[in-house]
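Chains as they are written, first to last, in my numbering: chain Y, 6 to 335; chain X, 17 to 350; chain B, 4 to 535.
It should be emphasised that the hints constitute simulated quantities derived from the structure, not laboratory data. Note that the coordinates shown come from a computational prediction; the quantities given were computed from them, not determined experimentally. Idealized CB from N, CA, C, for every residue including glycine. Careful, some of the hints might be misleading.
Claimed, not checked - If you anchor each label on the Cβ, the simulated ranges turn out as follows:
no. : chain 1 : residue 1 : chain 2 : residue 2 : range
1   : Y       : Pro107    : X       : Glu163    : 40 to 46 Å
2   : B       : Gly130    : X       : Phe176    : 48 to 54 Å
3   : X       : Tyr37     : B       : Gln144    : 21 to 27 Å
4   : B       : Arg384    : Y       : Ser180    : 33 to 39 Å
5   : B       : Glu196    : Y       : Leu328    : 40 to 46 Å
6   : X       : Asn62     : B       : Arg145    : 36 to 42 Å
7   : X       : Leu139    : B       : Arg145    : 32 to 38 Å
8   : X       : Phe176    : B       : Asp138    : 52 to 58 Å
9   : Y       : Pro107    : X       : Arg170    : 53 to 59 Å
10  : Y       : Asn103    : X       : Val193    : 49 to 55 Å
11  : Y       : Leu106    : B       : Leu377    : 26 to 32 Å
What follows is the residue order along each chain.
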Amino acid sequence: MAVIQQEQALQAQPGERIREWLNQFGTVLVALVLIAIFSLTTDHFFTLQNAQNILRQIAIPAIVAIGMTMVILIGGIDLSVGSVVLFSSAAMNSLIFNGVLPTGPAIVAGILAAGLIGLINGVLIEKVKISPVIVTLGTMVAVRGLGQMILWINNSWLWVRGPIFSAIKADTWLSLPIPAVIMVALYVVAWVILTQTPFGRRIYAIGGNQRAAELCGVNTTRDKILVYVLCSLGAGIGGLLMSARLSAISPGVGQGLEFDAITAVILGGTSLAGGKGRVEKTIIGALIVGLILNYMTIKGISAHYQRAVTGFIILGAALLDQLSRARSES
Amino acid sequence: MIESETTLRRRTMIGRFVQNYGLGIMTVLMIAIFAVVNDNFLTVSNFQNVLEQNAALAIVAVGVTFGIISKAIDLSPGSVIALVGVIIGLIFVGTGSIGVALVGGVLSAMLIGLFNGTLIAKLGINPVIVTLAAYIWARGLALALTEKDSIVIRSPAVGFMNTRFFGIISPPMILIVLAYLLGFFVLYRTKLGRYTYALGGDEHAAKQSGVPVDAYKIGIFLLSGFLVGIAAIITISRMGAAEPNAVFGLELDAIAAVIIGGTSLSGGEGGLRQTIFGVLFLAILNNGLSTMGLRDASFYFFKGLVILSALFIEVTGRRMLREAEAAAASAPNI
Amino acid sequence: MADVSPPILEMRGITKRFPGILALDDVAFSANRGEIHSVIGQNGAGKSTLMKILAGDYAPTRGEILIDGKPVIIHNPREARQLGISIVYQELSLLGNLTVGENIFLGREPVRTLAIDDSHIVQNARGVLAQLGVDYIDVTQRLATLPLAQKQLVEIAKALSYKPRILILDEPTAALAPKEADNLFKILTRLKEQDIAIIYITHRLKEIIEHCDRGTILRNGRVVKTLNIERSTSEDTLIELMIGQEIESFFRHEDGHEQVSDQHALLRVENLSIGQRVQDVTFELRRGEVLGITGLLGAGQNLLARALYGIQPHVTGVILRDGKSIKIDSPQDAIMQGTCLLTENRKEEGLFLDMTVKENITIPSLRRFARSRLLPILANRRERNAAQEFISNVNIILRSPDAVMRTLSGGNQQKAILARWLLRNLEVLIFIEPTRGIDVGAKAEIYRYLDKLAKEGRGIIVVSPDLTEILGISDRILVMHEGRMVKEFSRRDASEERLLSAIQGATNNHKVGENIENGRHSAGASITGSAG
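Start from the sequences and build out the full structure, keeping to the hints where you can.
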């Protein structure tokens with residue numbers, strides 16, 4: 006074909022730069038604005054005590070959201086994390102309660118058991134090739150049942166005992182509650198994995214264009230299974246923190262947690278289609294949800310309306326994501 | 017990748033066998049096991065129980081079938097039933113008229129369907145997100161509006177729904193039949209049904225042929241909403257009250273039923289014939305496990321296990337068949 | 004013979020510009036009632052673009068269209084259909100999960116009291132198929148169960164059911180066997196008698212001469228000539244018009260490369276078959292050579308390339324690397340054996356559009372950039388420098404390697420994929436249509452680079468339907484026809500005319516393989532003994 010002119014590299018216009026910046030820091034901006042508004046409209050919001058409360062509240066969903074971010078990045082989803090939290094906390098406390106293992110090893114065992122669920126998820130999704138929604142819906146039900154069976158063996162409730170748990174619950178480090186410290190530490194680790202390791206790079210590649218990744222020699226099956234394992238391991242750690250937070254494990258523990266995690270991920274700007282998203286924005290997403298729920302609690306709004314609001318937050322985030330994508334592709 | 021002819025032929029045979037008989041065999045096996053464990057299982061009254069306890073599931077599954085064929089999965093039915101139940105309860109308490117309440121309920125169910133459908137069709141948001149959000153907010157609203165209490169509905173209509181005419185047939189059963197008749201008619205004889213398959217087959221090609229894709233996507237959600245409304249009516253009449261925690265997890269059952277029955281998640285194929293078998297399978301499973309005395313924990317565990325196994329068998333069989341057929345199409349001599 | 008009344012279609016001064024590319028330049032085209040008018044030209048000459056404008060998929064940058072003497076503006080495919088223009092594209096737009104009848108009337112189903120009138124559909128569909136003369140196709144059969152040839156006939160039936168005055172067919176016989184193609188032409192003749200104007204795009208010159216009344220030859224977006232076609236028109240005439248006297252001279256100037264004379268060929272393929280699509284292919288790739296493989300669409304060369312990379316199922320045969328038999332069942336196997344593949348679909352199979360250029364380039368090579376064997380952390384500076392080095396090597400002009408891939412032009416994107424595999428440093432490079440959708444400047448650069456790679460002693464396979472390209476860069480050329488390798492040319496013997504004939508299937512009883520078997524022997528292996 007005849008060519009009339011050589012193509013120019015796309016120049017960045019001022020409007021585009023602002024949009025880039027918004028993409029990167031938009032979520033942080035929203036969080037700051039919310040903090041400002043809430044602090045100004047209510048007395049008890051902007052206190053150290055409340056800040057610590059918020060951090061304690063968001064720690065578990067935020068940690069579970071790390072694994073969820075990775076799973077969504079590769080284009081999948083994991084609806085079983087809430088049940089895995091129940092399962093792993095029931096497992097570790099049962100082991101402790103019945104004197105099978107001392108606290109430390111019991112915790113590790115509980116977390117590893119969680120990882121096993123992730124392995125099952127991964128294999129069913131990648132090797133047997135059943136859709137992630139179906140598989141994790143199934144494990145969500147089955148694993149909750151498993152966790153409840155463990156509780157049932159122990160007379161329906163499990164008391165949480167152990168110095169590790171009480172320490173996590175009560176202690177702070179530099180004014181930060183321990184759960185929050187653990188949360189931040191895990192986010193740092195996740196950030197390193199996703200941005201500084203070959204594995205992390207491969208995750209983005211698989212999510213961005215799985216076919217192209219395969220053609221580049223990436224073992225997509227193995228990597229995707231590993232992601233599901235990591236996600237469940239995260240839920241296992243969530244089980245540890247859940248034990249620390251509650252004085253007893255009951256059958257309803259962890260219910261709905263998967264949706265809190267998904268909300269945080271979507272609010273953080275990660276696309277459900279995969280390949281796009283940053284884990285550091287997920288924690289801001291979790292923070293935003295935490296801020297809104299905390300505010301509603303202070304204002305005395307019923308917990309159920311809070312739940313309903315969460316649903317609408319997901320919609321709002323998805324809408325914004327859709328609009329920004331439409332604009333950038335035009 | 018070198019494959020021999022015999023392997024291909026064997027896979028085709030296995031795949032076809034599983035597709036046609038897999039579900040039937042599993043169901044029979046299940047019935048056998050339950051019958052052995054529980055004397056009361058194979059009785060007429062238990063069979064009526066099976067139908068009535070799972071009437072909501074059966075009706076919701078019709079709408080879910082449409083959704084899955086058209087590649088728009090719906091995760092909200094359970095929560096919407098709870099919410100609609102609450103709405104019916106509130107309207108009834110407020111107006112005293114059960115008729116107005118029921119109509120209002122069905123209309124709100126359709127309204128929610130319209131809402132979800134519009135977000136998906138016109139705004140292009142992923143159906144999983146939209147219906148997931150509805151799953152959350154509908155349940156939340158149901159609980160919030162009732163502060164977790166149930167709304168008792170004292171109306172002769174409730175009694176009516178629970179009577180058995182001639183000792184055998186009850187209104188819910190009739191509603192199931194009507195729902196499926198409606199479903200069959202729409203799916204196989206109307207444009208809505210035809211375009212449901214078209215959307216699932218190749219939305220782009222359908223659009224090119226002039227199919228108004230957006231309108232029909234919304235239409236599917238409206239139909240689904242209507243059926244969910246009917247299911248809500250059945251649910252509250254069984255309990256005599258609007259329970260905000262009702263039918264938790266119904267959507268999973270419905271989706272599992274549709275897929276185990278043989279409609280593929282990848283869209284464009286399957287149908288209500290398959291769904292009937294899937295629903296029967298799940299209904300028998302539900303009933304069998306609970307008559308065995310299993311509750312809560314073990315109930316869910318074994319149920320989850322059986323469902324996963326059934327899914328595994330169904331999906332693998334289909335995959336084997338598809339791969340074998342594709343191989344046959346390009347292989348030398350077959 | 005065509006009608007003498009005024010043309011039903013006239014296109015005047017049609018110009019179409021895309022970013023960086025002038026696809027059509029002042030094209031004039033007309034079609035008469037009852038004639039079959041062929042649009043002829045090489046890949047990229049502008050045939051599809053012209054037809055897409057007529058069908059309402061594109062709007063012309065300049066120019067006008069007249070139907071029946073009246074000027075019209077076609078905004079979308081629906082308006083085109085209303086004007087009586089129906090097009091049958093190469094890629095089928097039918098739904099496999101619906102029946103033949105349902106497909107034909109998709110979007111236009113007749114309704115009677117809320118329900119679709121299926122009997123009406125069946126009746127009408129049968130009517131349309133009868134009009135085509137293919138009433139052996141069962142309208143109640145699911146489309147997916149039909150063989151490809153019949154699917155195409157259904158596609159044509161669908162186009163006909165809109166009662167068009169102008170019917171456009173884009174490469175309808177590309178995937179058809181000769182008997183099926185004959186059948187199609189019987190049908191087209193019948194349509195001619197119904198006064199329909201048929202516009203026909205194909206690469207098969209024999210078909211054009213045998214069945215078409217007129218032909219318009221396009222080259223580089225311009226009309227070369229419109230002429231009447233008789234039985235006596237020769238293929239050579241058409242070929243000359245298609246080529247013109249210019250052969251782009253930005254390929255290599257030397258006579259080719261010195262082949263490093265080895266014991267074993269770098270890659271040797273024996274008796275490779277892929278289902279029914281490729282039969283019994285045997286050939287070699289030597290160090291330091293650029294091997295071109297070409298043929299008509301569907302002749303099997305693309306499948307062959309994919310088989311060498313492990314991404315094609317149902318492959319039987321032997322692959323030898325440096326004389327040793329190897330198994331390639333996945334891209335990982337291939338890469339381990341030192342082979343890489345650049346496909347023709349860079350968007351679907353090559354690019355990570357939302358990742359940076361640097362990240363796109365280093366994906367297959369990440370292991371090299373780990374800080375230490377124990378610590379799987381990437382050494383950012385080393386990675387960046389390596390990426391930058393190859394970005395400069397292939398001459399991608401970027402402000403920074405952190406630019407997002409989506410923002411690059413097609414040419415630069417292709418060069419980035421090339422850089423990716425160069426960084427990986429493999430011996431065998433297979434390219435499928437390496438310059439597809441790329442402007443001339445980038446094309447020239449890629450050719451120069453291929454040349455350089457060959458000089459370094461690597462083995463390069465280029466699969467492309469673009470004969471000018473194949474001629475310009477290859478040391479040897481293999482021609483495939485209907486799944487078999489039918490001819491081999493050395494750089495000296497090859498010419499565009501000869502290639503054009505060969506891809507059409509002109510046989511000389513001179514099978515490929517003889518060249519190889521006569522000249523070389525692999526140690527230990529008995530070629531004649533093991534040949535299928």
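Consistency of the hints with the structure:
| no. | hint | result |
| --- | --- | --- |
| 1 | Y:Pro107 <-> X:Glu163: 40 to 46 Å | holds (44 Å) |
| 2 | B:Gly130 <-> X:Phe176: 48 to 54 Å | holds (53 Å) |
| 3 | X:Tyr37 <-> B:Gln144: 21 to 27 Å | holds (25 Å) |
| 4 | B:Arg384 <-> Y:Ser180: 33 to 39 Å | holds (37 Å) |
| 5 | B:Glu196 <-> Y:Leu328: 40 to 46 Å | violated (55 Å) |
| 6 | X:Asn62 <-> B:Arg145: 36 to 42 Å | holds (40 Å) |
| 7 | X:Leu139 <-> B:Arg145: 32 to 38 Å | holds (34 Å) |
| 8 | X:Phe176 <-> B:Asp138: 52 to 58 Å | holds (57 Å) |
| 9 | Y:Pro107 <-> X:Arg170: 53 to 59 Å | holds (58 Å) |
| 10 | Y:Asn103 <-> X:Val193: 49 to 55 Å | holds (52 Å) |
| 11 | Y:Leu106 <-> B:Leu377: 26 to 32 Å | holds (31 Å) |
In this structure, the one hint that does not hold is number 5.
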